[in-house]
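Residue numbering for the sequence shown follows our numbering, beginning at 33 and increasing consecutively.
Any given hint could be a false lead.
Capping the alpha-carbon separation at 20 Å, the derived lysine to aspartate or glutamate pairs in DMTMM-like fashion look like this [stated by the list, open to error]:
1) Lys140 / Glu195
2) Lys159 / Asp127
3) Lys159 / Glu130
4) Lys140 / Glu165
5) Lys140 / Asp107
6) Lys159 / Glu195
7) Lys159 / Glu188
Label pairs and their computed distance ranges (CB to CB) [stated by the list, open to error]:
8) Glu66 / Ala43: 19 to 25 Å
9) Ala196 / Glu46: 25 to 31 Å
10) Arg58 / Ser139: 31 to 37 Å
The set of hints was computed from the structure by calculation and includes no laboratory data. All residues carry an ideal CB built from backbone N, CA and C; glycine is no exception.
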Amino acid sequence: MTSNLEDSAWAHIEAERFAEAEVLLRQAIAQSDEAHELWHLFAMLAGVLNELGRPADGTAAYRQALAEARSIGPDRLEVGACRYMLANQCLIYGDPAEALAEALPVSKGGGHVQCLLHAVAAHALWKQGQRSEAQSAARRALDACPTEARTTEIGEQLAYVLEAQH
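Let the sequences and hints guide you as you build the complete structure.
This is the structure:
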């Protein structure tokens, strides 16, 4: 049943009918007790709430998504994805210190999640005036990128950090 609601919510999102999508997502959340569904539904809801101009509610929904993901297992990929979404939300709509707290620590190795968390950390450190630390985090983001396309994308996003003089 929740998959039908989710499909309908996606149709509303694609048509930019975010208020309608919110109603359907809340119904799907109310009908599900499965963490593997709930983390995704809360993350979708967060994006919808942001589109509706309610970023504080979006942040709360991302926090709930992360809690649901952690209930599946602390080392699951879903946890990393939710950490990134929440950290990025805090970077955009909140406090860079909070974004940094959500992004760190980043697990060793490379991958999309690691590179994105390092990138959020770089942006947050830059906003806090920690230029050298931001550049180090930006380099770690590039080193963690799993594909050439992601390396190009992250490099462009972090060019202002990487190319800055102290």
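Structure-based check of all given hints:
1. Lys140 / Glu195: Answer violated: Lys140 to Glu195 is near 25 Å, above 20 Å.
2. Lys159 / Asp127: Holds, at roughly 9 Å.
3. Lys159 / Glu130: Distance ~12 Å between Lys159 and Glu130 Cα, so the pair holds.
4. Lys140 / Glu165: holds, 17 Å
5. Lys140 / Asp107: Cα-Cα ~13 Å, so holds.
6. Lys159 / Glu195: holds, 15 Å
7. Lys159 / Glu188: Since the Cα atoms of Lys159 and Glu188 sit roughly 17 Å apart, the hinted pair holds (cutoff 20 Å).
8. Glu66 / Ala43: 19 to 25 Å: holds, 22 Å
9. Ala196 / Glu46: 25 to 31 Å: violated, 38 Å
10. Arg58 / Ser139: 31 to 37 Å: holds, 33 Å
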